[in-house]
Amino acid sequence: MAKKKKRPIKKTQKKLSLKHLLFFIIGIAVLIVFIPTTALLFVGMIPTMVAFVVDRQPGRNKTFTIGVMNFTGCFPYVLDVWLHANSMDYSLSLLAQPKTIIVMYSAAAVGYIIDWGVTLIVSAILVQRSEMRLKRIEKEKKALIDRWGKEVDGLQTLDEKGFATALGSQQKMHEA
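One point on numbering: in numbering that gives the first Met the number 0, the residue at position 42 of the sequence shown is 41, and numbering is uninterrupted.
Just so you know, the hints here were simulated from the structure itself, not pulled from any lab data. Some clues are possibly wrong.
[Said to hold, decoys possible] Here are the simulated lysine-lysine pairs, DSS-like style, with alpha carbons at most 25 Å apart: (1) K138 / K149; (2) K160 / K149; (3) K149 / K134.
Nothing here was measured: the structure is a model prediction, and the numbers come from that model.
Please construct the entire structure, taking both the sequences and the accompanying hints into account.
Here it is, written out as C-alpha coordinates:
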(Lines of atoms letter the chains of each structure in order from A and count residues from 1; the text may use other names and numbers.)
(Lines give C-alpha, C1' and ligand atoms only; values in the text may rest on other atoms or scores of the structure.)
Protein backbone atom coordinates (compact mmCIF):
# COMPACT_ATOMS: atom_id res chain seq x y z
CA MET A 1 0.00 0.00 0.00
CA ALA A 2 1.09 3.49 -0.74
CA LYS A 3 1.73 5.74 2.19
CA LYS A 4 -0.62 8.65 2.59
CA LYS A 5 0.93 12.04 2.30
CA LYS A 6 0.52 14.24 5.32
CA ARG A 7 -1.07 17.55 4.60
CA PRO A 8 0.72 20.56 6.01
CA ILE A 9 -1.07 22.20 8.89
CA LYS A 10 -2.22 25.68 7.98
CA LYS A 11 -1.16 28.38 10.38
CA THR A 12 -3.88 30.75 11.51
CA GLN A 13 -1.50 33.64 12.08
CA LYS A 14 -0.24 35.42 9.00
CA LYS A 15 3.31 36.67 8.84
CA LEU A 16 3.85 40.34 8.24
CA SER A 17 5.23 40.60 4.72
CA LEU A 18 8.04 42.96 3.79
CA LYS A 19 5.59 45.07 1.79
CA HIS A 20 3.27 45.51 4.78
CA LEU A 21 6.18 46.20 7.12
CA LEU A 22 7.55 48.86 4.77
CA PHE A 23 4.10 50.45 4.45
CA PHE A 24 3.74 50.47 8.25
CA ILE A 25 7.17 52.07 8.78
CA ILE A 26 6.53 54.74 6.13
CA GLY A 27 3.11 55.43 7.65
CA ILE A 28 4.60 55.93 11.12
CA ALA A 29 7.28 58.22 9.66
CA VAL A 30 4.64 60.33 7.89
CA LEU A 31 2.60 60.59 11.09
CA ILE A 32 5.68 61.78 12.99
CA VAL A 33 6.69 64.30 10.32
CA PHE A 34 3.17 65.73 10.15
CA ILE A 35 2.53 65.63 13.90
CA PRO A 36 0.36 68.80 13.97
CA THR A 37 -1.98 67.29 11.36
CA THR A 38 -1.87 63.92 13.12
CA ALA A 39 -2.89 65.47 16.45
CA LEU A 40 -5.70 67.44 14.83
CA LEU A 41 -7.05 64.41 12.97
CA PHE A 42 -6.67 62.12 15.98
CA VAL A 43 -8.92 64.33 18.10
CA GLY A 44 -11.25 65.23 15.24
CA MET A 45 -11.77 61.66 14.01
CA ILE A 46 -12.74 60.16 17.40
CA PRO A 47 -16.38 59.61 16.26
CA THR A 48 -15.08 57.55 13.33
CA MET A 49 -12.93 55.46 15.66
CA VAL A 50 -15.95 54.82 17.88
CA ALA A 51 -18.05 53.88 14.85
CA PHE A 52 -15.32 51.46 13.74
CA VAL A 53 -15.37 49.71 17.12
CA VAL A 54 -19.18 49.58 17.31
CA ASP A 55 -20.00 48.72 13.67
CA ARG A 56 -19.94 44.95 13.15
CA GLN A 57 -21.75 44.84 9.81
CA PRO A 58 -19.91 43.31 6.86
CA GLY A 59 -18.46 46.09 4.77
CA ARG A 60 -18.78 48.57 7.67
CA ASN A 61 -20.99 50.96 5.71
CA LYS A 62 -21.87 52.95 8.83
CA THR A 63 -18.18 53.47 9.63
CA PHE A 64 -17.49 54.56 6.05
CA THR A 65 -20.37 57.06 6.02
CA ILE A 66 -19.47 58.54 9.39
CA GLY A 67 -15.77 58.59 8.53
CA VAL A 68 -16.23 60.44 5.26
CA MET A 69 -18.48 63.04 6.83
CA ASN A 70 -16.20 63.34 9.87
CA PHE A 71 -13.17 63.91 7.63
CA THR A 72 -15.18 66.52 5.73
CA GLY A 73 -15.63 68.38 9.02
CA CYS A 74 -11.92 68.08 9.86
CA PHE A 75 -10.56 69.04 6.45
CA PRO A 76 -10.97 72.86 6.68
CA TYR A 77 -8.92 72.85 9.87
CA VAL A 78 -6.28 70.56 8.36
CA LEU A 79 -5.96 73.03 5.48
CA ASP A 80 -5.76 75.87 7.99
CA VAL A 81 -2.86 74.15 9.76
CA TRP A 82 -1.09 73.45 6.47
CA LEU A 83 -1.52 76.97 5.06
CA HIS A 84 -0.72 79.00 8.16
CA ALA A 85 1.79 77.91 10.76
CA ASN A 86 2.26 74.17 10.37
CA SER A 87 3.11 73.87 14.06
CA MET A 88 1.89 71.93 17.04
CA ASP A 89 1.02 75.15 18.87
CA TYR A 90 -1.31 76.27 16.09
CA SER A 91 -2.91 72.82 15.88
CA LEU A 92 -3.52 72.76 19.64
CA SER A 93 -4.89 76.31 19.56
CA LEU A 94 -7.42 75.18 16.95
CA LEU A 95 -8.38 72.18 19.10
CA ALA A 96 -8.82 74.47 22.12
CA GLN A 97 -11.57 76.38 20.31
CA PRO A 98 -15.02 74.86 20.94
CA LYS A 99 -16.15 75.85 17.44
CA THR A 100 -13.55 73.51 15.91
CA ILE A 101 -14.70 70.50 17.90
CA ILE A 102 -18.37 71.32 17.28
CA VAL A 103 -17.84 71.52 13.51
CA MET A 104 -15.84 68.27 13.40
CA TYR A 105 -18.25 66.28 15.55
CA SER A 106 -21.35 67.80 13.93
CA ALA A 107 -20.12 66.59 10.56
CA ALA A 108 -19.81 63.10 12.06
CA ALA A 109 -23.35 63.45 13.42
CA VAL A 110 -24.52 64.25 9.89
CA GLY A 111 -22.89 60.97 8.85
CA TYR A 112 -24.92 59.16 11.52
CA ILE A 113 -28.09 60.88 10.29
CA ILE A 114 -27.34 59.96 6.66
CA ASP A 115 -26.79 56.33 7.64
CA TRP A 116 -30.00 56.28 9.69
CA GLY A 117 -32.05 57.95 6.94
CA VAL A 118 -30.74 55.78 4.14
CA THR A 119 -31.39 52.66 6.22
CA LEU A 120 -35.00 53.74 6.80
CA ILE A 121 -35.58 54.60 3.15
CA VAL A 122 -34.07 51.37 1.84
CA SER A 123 -36.00 49.24 4.34
CA ALA A 124 -39.26 51.01 3.43
CA ILE A 125 -38.61 50.40 -0.27
CA LEU A 126 -37.86 46.72 0.35
CA VAL A 127 -41.05 46.31 2.41
CA GLN A 128 -43.12 47.95 -0.36
CA ARG A 129 -41.55 45.70 -3.00
CA SER A 130 -42.25 42.62 -0.88
CA GLU A 131 -45.87 43.63 -0.34
CA MET A 132 -46.35 44.25 -4.06
CA ARG A 133 -44.81 40.86 -4.85
CA LEU A 134 -47.10 39.19 -2.31
CA LYS A 135 -50.15 40.84 -3.90
CA ARG A 136 -48.99 39.68 -7.35
CA ILE A 137 -48.53 36.12 -6.09
CA GLU A 138 -51.99 36.14 -4.49
CA LYS A 139 -53.49 37.42 -7.75
CA GLU A 140 -51.74 34.65 -9.72
CA LYS A 141 -52.90 32.09 -7.16
CA LYS A 142 -56.51 33.29 -7.52
CA ALA A 143 -56.23 33.04 -11.32
CA LEU A 144 -54.93 29.46 -11.01
CA ILE A 145 -57.77 28.53 -8.63
CA ASP A 146 -60.33 30.07 -11.01
CA ARG A 147 -58.86 28.12 -13.91
CA TRP A 148 -58.09 24.75 -12.28
CA GLY A 149 -60.39 24.63 -9.25
CA LYS A 150 -59.92 24.85 -5.51
CA GLU A 151 -57.84 21.68 -5.46
CA VAL A 152 -54.75 23.65 -6.53
CA ASP A 153 -54.87 26.13 -3.65
CA GLY A 154 -52.37 24.16 -1.56
CA LEU A 155 -54.74 23.82 1.38
CA GLN A 156 -55.80 20.25 0.66
CA THR A 157 -54.50 17.43 2.83
CA LEU A 158 -53.08 14.60 0.79
CA ASP A 159 -53.11 10.87 1.42
CA GLU A 160 -50.01 8.69 1.10
CA LYS A 161 -50.48 8.45 -2.69
CA GLY A 162 -50.68 12.23 -3.13
CA PHE A 163 -54.45 12.49 -3.66
CA ALA A 164 -56.68 14.92 -1.78
CA THR A 165 -58.65 13.34 1.04
CA ALA A 166 -62.32 14.18 1.35
CA LEU A 167 -62.06 14.62 5.12
CA GLY A 168 -59.06 16.93 4.83
CA SER A 169 -60.73 19.19 2.28
CA GLN A 170 -63.87 19.46 4.43
CA GLN A 171 -61.79 20.35 7.49
CA LYS A 172 -59.92 23.03 5.56
CA MET A 173 -63.20 24.51 4.29
CA HIS A 174 -64.59 24.76 7.82
CA GLU A 175 -61.39 26.41 9.07
CA ALA A 176 -61.47 29.04 6.33
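Which numbered hints does this structure break?
Hints that this structure does not satisfy do not exist here, as all of them hold.
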